[in-house]
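Novice: This is what each chain is made of:
There are 2 protein chains.
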Amino acid sequence: MATKISPLSGFPELLPADRVVEREVIDSLSRTFELHGFANIETRVVEPLDRLAKGGEIDKEIYVLRRLQAEGADDNTGWGLHYDLTVPFARYVLEHAGHLEFPFRRFQIQPAWRGERPQEGRYRQFLQADVDIVGRDELPFHHDVEVMRVMVEALDALPLPPMSFQFNNRKLIQGFYRGLGLPDVTAAIRTIDKLDKLPAETVAELLEDAGASAEQAARCLELATIRTPDASFVDRVRSLGVEDELLDQGLHELAAVIEGCAAGDHRGGHRKVTVEANLRIARGLDYYTGTVVEIFMEGYERLKSAGGGGRYDALASDGRTTYPGVGVSFGVSRTLVPLLAEGVLTGSRSVPSAVLVAVTDEDSRAVSSAAAAALRAHGVPTEVAASAQKFGKQIRTAERRGIPYVLFPQADGTHQVKDIRTGDQWDVDPATWTPPAEDLHPRVVAARTTTSTDDGDESP
Amino acid sequence: MATKISPLSGFPELLPADRVVEREVIDSLSRTFELHGFANIETRVVEPLDRLAKGGEIDKEIYVLRRLQAEGADDNTGWGLHYDLTVPFARYVLEHAGHLEFPFRRFQIQPAWRGERPQEGRYRQFLQADVDIVGRDELPFHHDVEVMRVMVEALDALPLPPMSFQFNNRKLIQGFYRGLGLPDVTAAIRTIDKLDKLPAETVAELLEDAGASAEQAARCLELATIRTPDASFVDRVRSLGVEDELLDQGLHELAAVIEGCAAGDHRGGHRKVTVEANLRIARGLDYYTGTVVEIFMEGYERLKSAGGGGRYDALASDGRTTYPGVGVSFGVSRTLVPLLAEGVLTGSRSVPSAVLVAVTDEDSRAVSSAAAAALRAHGVPTEVAASAQKFGKQIRTAERRGIPYVLFPQADGTHQVKDIRTGDQWDVDPATWTPPAEDLHPRVVAARTTTSTDDGDESP
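Sequences listed follow chains C and G, in order. According to our numbering, the residues represented by the first sequence are 53 to 512, in order. According to our numbering, the residues represented by the second sequence are 53 to 512, in order.
For the record, the hints were derived by calculation from the structure and aren't laboratory data. Treat each hint with caution, since some may be false.
Put simply, identical chains are the same to the list, so a pair is met inside one copy or across any two.
As the list claims (entries may be wrong) - With a Cα cut of at most 20 angstroms, we get these calculated SDA-like pairs of lysine to any residue:
1) K246 with D111
2) K112 with N128
3) K246 with K470
4) K356 with T484
5) K442 with P192
6) K356 with Q180
7) K470 with T412
Every value quoted in this text rests on a predicted model; they were computed, and no experiment measured them.
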């Protein structure tokens with residue numbers, strides 16, 4: 053195994069201390085989802101190619117599997133790695149429908165793969181966290197509010213920078229354009245979706261190219277500028293004077309989502325997440341039919357969307373039964389890997405151990421192991437020193453690993469513990485002593501600010 | 053998405069209630085590994101093919117990745133899915149050695165993939181749980197005892213049938229054969245390894261074919277029959293009269309592992325796991341150099357080994373530095389999927405919710421949501437009824453999901469809760485009431501015995 057090792061671009065791997073942060077994010081998301089009754093599932097990583105490849109842009113990013121030494125007709129398995137969690141979830145619902153209770157609330161936290169060019173926030177293997185609610189034949193609108201609210205609470209509880217939820221509603225946009233009398237509603241949505249890349253005048257020209265009058269184009273742009281932290285967008289849309297039944301429904305739904313996600317703060321007013329109606333969010337064109345959302349991480353808007361989702365009236369269908377759904381996906385790798393790479397966050401230590409038990413000499417290793425077993429018996433993560441070096445060296449080993457306490461077995465059978473941060477040392481009984489709660493497990497900590505330098509020696 | 057769905061052979065997928073069991077197994081293993089100071093890592097799922105393919109039997113089971121529409125030279129990525137967690141871990145150690153503290157204790161619980169013919173306990177995608185300790189240049193023997201002991205404790209804590217650890221030591225076998233004067237020690241090990249497939253006489257003939265005398269062959273077979281639950285195997289080996297320095301070392305090490313794993317029961321004498329010295333265990337031929345172990349699940353010996361591992365003096369090397377290691381791997385899918393398929397175990401319910409809040413009518417949904425939020429605020433997993441059906445129907449919804457409690461908001465602003473198993477109903481305050489601990493989260497339960505019928509109507 054003397055081959056030279058080089059990292060694979062687009063396949064980020066975490067060191068143990070950074071993995072502490074990723075696990076806490078996964079655990080925290082899971083806790084919130086489960087508090088709301090969402091069941092966890094995992095799907096296999098492969099799907100038949102005819103289910104993955106839809107003729108779109110993403111097709112050429114699919115990784116296809118073949119067997120290494122298979123030949124001829126057996127060369128290809130006909131399977132590809134999934135590129136999101138929605139396609140496999142839709143298949144799971146169809147395959148297992150007879151064993152599921154609807155509405156089915158599920159969360160799924162798994163990697164997905166895309167053969168795209170890697171860049172900050174975009175990886176070839178990346179972890180996603182999805183929540184969805186799926187009904188059989190029908191799914192009342194109140195589940196839109198429910199699932200969005202769950203993701204708001206889940207991201208609010210994370211040790212990450214504040215997130216911003218930007219909501220819109222496809223019925224609102226479609227109804228407005230229809231009420232305005234636009235000749236091609238779909239084309240108009242596609243054009244307005246370019247507002248984050250093109251100046252407003254250019255977008256107006258494109259709308260006119262697609263058959264809109266100058267007046268209609270101006271109204272479309274006006275609609276797209278509306279952005280409010282509450283339901284006041286309703287009056288601003290009304291003031292544009294467009295009347296349409298679908299528009300009314302969209303306004304009603306969007307107001308309910310905004311109010312449902314903003315209301316009833318669950319942490320005494322200290323919520324980090326912000327919620328807005330942003331009427332230029334369109335979120336692609338294919339399957340969304342109502343609520344749509346894009347999530348951004350404050351200070352990291354350059355990563356573009358940190359997540360998103362919405363309502364789809366046909367997540368899956370087997371020809372007889374249709375399964376409508378509403379859900380939202382959060383990019384764990386997309387947000388976390390850049391934060392870890394910048395050193396914004398890390399784990400407070402690289403090992404789970406809260407205590408290192410020192411070894412006086414190899415003959416008494418069993419004494420140290422017994423003390424470690426006594427600590428573990430009441431839940432204290434503990435390791436025993438690998439070798440009976442001088443105590444100073446054993447303490448430095450603990451220091452390098454971030455282990456806060458070193459336990460010393462004494463010749464008379466008693467024990468002393470040293471807090472290596474303060475140097476304090478005192479008698480303890482390993483059968484009963486527990487470190488303070490904040491020292492018991494690795495925590496997520498701010499590593500260093502992104503603007504500071506690593507090394508004082510670099511100052512001019 | 054109207055394509056017909058059929059399961060992919062070798063890619064088992066779990067329903068939500070069975071996933072409860074898998075998650076508890078993962079969480080329980082993780083808790084034990086962390087109590088012993090093992091840090092968690094995950095590696096990317098792909099490795100360069102030249103690192104995976106070693107010219108052995110496994111090569112043709114490797115799944116290779118290519119891009120769907122890539123052509124010509126770009127057709128193949130040169131990557132394959134890993135088929136175990138040892139190859140990627142060895143690469144991780146080499147790649148990140150400068151950032152790791154040695155001895156490095158890690159655990160890793162991830163899927164691996166093999167394109168083999170699926171059968172009970174053998175899948176194309178399967179979850180493995182590995183613990184290893186890796187040193188730089190050297191790794192004292194006491195870590196053999198440590199890592200084996202950790203896996204004994206980890207499997208002992210699982211809600212699975214009892215496991216049996218069968219230990220041997222490669223130095224013991226090699227030293228014995230050398231001391232016996234066998235002409236080809238490696239060939240003899242390979243031959244003895246066939247004892248579980250061939251009768252003893254045939255193995256003796258094969259040994260003689262490889263140059264052993266009848267007397268030597270008989271001694272080899274005698275060694276292989278030794279099996280003891282303690283260190284008494286030492287005297288039995290000594291009585292065979294073979295003298296060799298490597299044999300002495302192997303006897304000493306194996307005795308230390310057996311005693312270290314059997315001693316100091318950590319749960320008041322109620323350990324399920326059994327530990328034995330079994331001198332016919334050889335565990336392949338390639339990289340083990342000392343301790344070897346195979347794990348079996350009682351009553352499921354037909355699945356063959358449920359896990360295994362051992363000591364390897366060169367887990368990895370970059371030409372200058374060698375990294376010796378010792379570790380053991382447990383097959384989560386291999387043991388769990390057959391148990392779930394047989395219905396031996398399942399989750400106590402298919403949803404995390406301990407409480408369903410009933411909805412009196414759609415206009416008062418907000419009242420029910422507020423009660424749910426009050427329950428969640430102190431950690432009670434809660435869902436709100438999807439529709440304002442008659443209460444009897446809402447109770448049956450809870451029943452089908454296995455949710456034990458239904459909360460009813462009353463017209464006067466108070467609340468009542470019903471235990472739907474007993475029918476008892478009483479006043480509660482959702483801001484303070486918590487269900488009993490055993491009802492709070494889904495638990496692993498015995499589903500039904502494998503010999504009982506599902507349905508009383510099937511009796512003759």
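Novice: To test your reading of the hints: which numbers does this structure violate?
Specialist: Checked against the structure, the hints that fail are numbers 1, 3, 4, while the rest are satisfied.
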